[in-house]
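Q: Heads up: the sequence lines are chains E and H, in that order.
Okay, so the first sequence: first residue is 1 according to our numbering, each after it adds one.
Okay, so the second sequence: first residue is 1 according to our numbering, each after it adds one.
Warning: the hint list may mix true and false statements.
The calculated label-pair distances, taken between Cβ atoms and stated as ranges, are [unchecked claim]: (1) E:G381 with H:I111: 52 to 58 angstroms; (2) H:A12 with E:S127: 46 to 52 angstroms; (3) E:D248 with H:L282: 53 to 59 angstroms.
These are computed hints drawn from the structure, not numbers from a lab.
The beta carbon of each residue, even a glycine, is placed where N, CA and C say it ideally should be.
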Amino acid sequence: MKKKVLSVILCLVMTVTMLTGCGSSSDTSKNGTSEETTGGTATTEKTTDSDAPVEFDLSMHVANVEEQEPAIYAICQAYMEAHPNVTINLTGEETTEHYNKMKMNAQADTLPDVFFNLLASDKDMASQGLLYCLDDFIADNNLTSIMNDNMVNAVDVDGRIYGLPYQALVTGFWYNKDLFDQYNLEVPSTYDDLVNCTKVFSENGIITIAQGAQDAYSVWALMAELCHFGYFDKIDGILAGNESFNNDDFRKFYDSLGELRDLGAFPGNVATSTYYDAKEMFCSGKAAMFDSGSWESKYLEENFSNPNAIGFTWGVSFDNGVGNQQICSNYAHAPLAISAKAAEDPAKLAVILDFFKFYYSDDGAKIMIDNLVTPPTNYSGTIDDSFVSEHPAFASVIDQINLGYKGIKTQADNVSTEAFGNALYDSIYGVINGVCTSDEAMNTVQAAVDDDLGK
Amino acid sequence: MHWFNRKRNFIAMLGPTILIYCLYIVIPLFVAVYYSLTNFKGIVTPEFIGIKNYIKMFGDRYFLVSVKNTAIVLLMSILVLLPASLILALVLNRSFKGSNVYKALNFLPNIIAPIVVGLIWGYIFDPEMGLINSALDLMGRVAWKQTWIGGLVLTPYCVGVIYSWQNVGYIATIFLAGLKTIPNELFESCQIDGANGWQTFRYITVPMLKETFAINIILIITGCFKIFELVYQLTNGSPNHMSEVMTTYMYNTTFISSRYGYGMSIAVFSCIVTMSFTLIYLFILRRKNDEAGGLK
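The following block holds chain H by itself, in its conformation from the complex (with noise of 0.2 angstroms):
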């Protein structure tokens, strides 16, 4: 331990990974704030526009669609992911016949490459031949027939839907690891105080998987501003970029119409938001922690 703890050694043994953190991560960073900058468009060398490429992103309905739909996305999954995956891990921590199996595949949609899972719910949610259209269709219900995708209105909250779906097996997985670290003696303890099942879950299970709970609202945040394959399959950010989300819009303003700069300023934008939202979300949680004298 104490070779460890010798600054020099210390250094060797953090310098390989933070010298790679800082190749691939923080110099790209600047290099993408540096190019928000400026006018590139792939092969012409870059003018310095200042933050004209920032002003126009706001005047921009495409990019102010595809934030819209992004937050639709955000809050479809915490709206959803977040309850479903602690339901549907409480379910998991019984012991019943069969509950591996059933963890296994609760789990499966989230190895499922997303791309697939575009591919799998296109079919489903598509219009004109689409599983529920063509469903709703043999039941008579015409009427009930809906632009799943592909419309002006519903495709980020059937894009939530998917990626609730996607991962609603890996956040569950999450939160039965946490269920498994609460110690049995809290839960007989209530028992013997005469607390019933609604009690229990509240006054125990719930503060004891805060922590949990951080984990997984982060990783929805950061997870909601990263898709990406799922709209680029299921959509393309059709009709004309009104379902696009962030990550699609500026794929497509950077590669498709080769507008370097100007996707950088989205790109960098994106990234401050998540960033913002991450650490917002755990600068409330460790006041609250604080406040409460409890968990640091």
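Isolated chain E (complex conformation) (with noise of 0.2 angstroms):
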């Protein structure tokens, strides 16, 4: 156990370590080599002068911030605690409503002070002038020697940083152990393997990988095996108008999704199925594997009949795929970013800025482990061996992040607009429901990019 409880430790070191291959030399330049990282982990300490009462409003993506995102609802409480001056307004709306709010207030110029974004709007905020530039904040506070380059900059407009992730966002396959057992298959680690375990679990009446189509978005795992074909070499060309999103190494990528749905591999009834329900049929034994993220773990644990059953996987690898096969979908989730309106107050900026370095510190870290959420910074702290075995599906994230496979770049969805990010959904689910050919779903984000190159 204790070797466990070691890994657990290492893997939350390796974080740093697993993206290296994606991250720029400039970046490490400005704030020290890679290696340098263990040393410096933000702490927390009094910025302001004063004890002067000071709130700002913190706005997330979930109607009920203390049950859908309690590690941020249990800091908030902390940095509270520590600090009886400050009040914090942490507040949430259902997703899509928060992200449109976003945007009529960044119109009216009326942004919370701090508030969870998605990348692309962040990015149209920050051209905007409407939000506070991180860049001397992580400078100063040396966050680049305990954040992955690929996490600190994540939202990188014009050189300059203008939100920071709120969590490490992990992604793959949760897969049930028991019926793997069951039917004598082994978890796949090939697309072969993956096509066979389809054939004996169809045979069986077992869904292989549970989807919901009515959220558009529940792609995430299929997203990441999409980058087992290159993508990330070519999608700067395809963005820029120099090559097409339809291409024979994506095609490959469709091809299969159309194989795997021949053979029965998701949901009959996967059209009219939410990601809530794919993750109930895998909750209920009726999936072998469920395509979503770390972030299911406490649920999982709750919910699952044998929760020491549930394992986690970053997907398979292809024969025919392009370039490194070993990569993982570890990355950093869309931003928090801190209006600049709000940094026009400098006692509430720096009260701001100080619960910063609470949450991207060892203490703010600790809390979300024990939330079980991946953080995005390294972890230097321990976690008891207790943890470990409370926690079977979040130990099993974390036996993967340990494989110190390759971290993809980012979700492949956020490299353009959300326009882009949705026809990249259209394009997968188009093919799982049957709607689709490979070359239509490629041509749906094609027409994407041409409509957002204006053409």
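Grab the two chains, each in its own frame, and use the hints to assemble them into the complex.
A: Next up, the structure:
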């Protein structure tokens, strides 16, 4: 068990090193080399001169923050406990409503002081001068020493940073070990294994991968599979209009999806199912795998009949893939941003930055881990034995991180506009639903690219 | 009465209403038209692009599907909802024990929030776990099972059925109110003249309900172009926008993909189509009335 504890610590340390292949060298020159990482940790210290009451708003993307985002809720509570003069007005709204509200607030220049934002919107808001630049904060607190380059630089607009990830986003497939054991199957590591598993599961009335097309964004693990076909080698050229999204490499991915569909890998009612239906399919033992991420650790541990049977995998590699097949989807989640208006009040800004310092410290990371959330920073503390044994699902995520696969740059839909992201979801679900051929699916995305280019 | 006829007082009385109407209906309509001529994406300052969005709209496969689906729902509602409501109103117009309870029960679906209606019918139409397919399974009629919702064909028809179910009590209530206004003497004189039930219905009831028909048809047309929550809850446009109606596709384009300019062009188109349908219907009705020298 000691070994396992060590591995947990190691894995969190490795969060930094895992994604090194994607980082730019220029960033390391600004803040020291990546090898220096374990040294610096932002700590909580008082930066304000007075104990005068200060309050700020923090707006999140879930309706019930305490229940749905317990980590951020706990961090706010801990900060307010340590700073009795500070009041954080933590509010939340349903995801789509939140995003729309933030856009409307941006138009009216009434953005909350601190808020969760979509990556694409964040960049747009930054370009309009609506956000506070975090370059000085990052430099002053040596954040690049405790965060991976890709985590720090997620919201880079013309070389300046306007937001920091609120979590590390770890996505992949959850699987039900009991079902694999029952049918004498190994958890698939290659596409051929997955095809074989699908055949066996289909014969026995088991859904291989639980998906819900009504929530079109719920394709995290499948988007990561697309990255096995040279996605990040091509995407800049595609977005610049020099290459086409409809290409032979990406076609292999969509053809594979089509093959899995034909073999019955996905639920028969995938079109009318939501992400939450898919989660229930998995929890009730009707599906062997579930496309999701580390954020479901807690829910699965509480709702799965045998929590020790839950496993997590990055997905499969492809014989006909392009480039490194040992890649993993561990990258920056959507950012927390500070509005430029909030920064006009020096007292408020000082408190917000102090809160950020706490958020991106070991203390903040510890609270996240306690709430089964993967922190965006490198955690240098220790984790108890009992914690690992009590949380088999989260431990499984950690085990995968420990494999040391190369982290992909960012989530595939985050490279451009929301329209591009939605077209990407449509292309994947289009093939799963049998509405599109591979070519039609790729053309859907290309049309969004053309639209963004004003063609 | 004289006080109301004075122009100044007349304007003073109507002013606030006109002001609110302009503020919340007319001005937003012009704002929507303006944005439909831009490439606005929510945050960055919009650029004027002329009618490019409108041209793109007619080459957009999913938009055309949403128009087709809206048309199917409208047609279904006219063909199913209107006659069903009239029949229901005729039945409820008779005095029988518990007729008031039936009236209330028939109106019940209309007071349920559309999102809940979508949820209820989702459990009925779902191809995997829905009531209909499960019942067909139990009956051994597996071949009759269909992808009622979430497929490529049947979803808009099912939406039409659900919309009809939800509104049949409401439309029937309006018909019922219309039936109550028909003087009883007309029916009595018909009886004396020896007209049978069908003839009474054909030559007395229907012509006397002309205005009620007009109101109901306009309500159905405008209602169909406003269907949103039902589809949003039932399929959310799935699979891949193939079950979208114009409002859900507009919402999806505007608020999910942040293509505000394009979304507004769909909204403007939808508004024009709804108004056109209503005005054309009213024009035809008025002309018929004029020709008949009857109701105006």
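Q: Look at each hint and say if it fits the structure.
A: To see whether the hints hold, each was checked on the structure:
1. Taking the beta carbon of each, G381 (chain E) and I111 (chain H) are about 56 angstroms apart, inside 52 to 58 angstroms as hinted.
2. Under the hint 46 to 52 angstroms, the C-beta atoms of A12 (chain H) and S127 (chain E), about 48 angstroms apart, fit the expected range.
3. For the pair D248 (chain E) and L282 (chain H), the beta carbons lie near 57 angstroms from each other, so the given range of 53 to 59 angstroms is met.
When each numbered hint is compared with the structure, no violation occurs for any of them.
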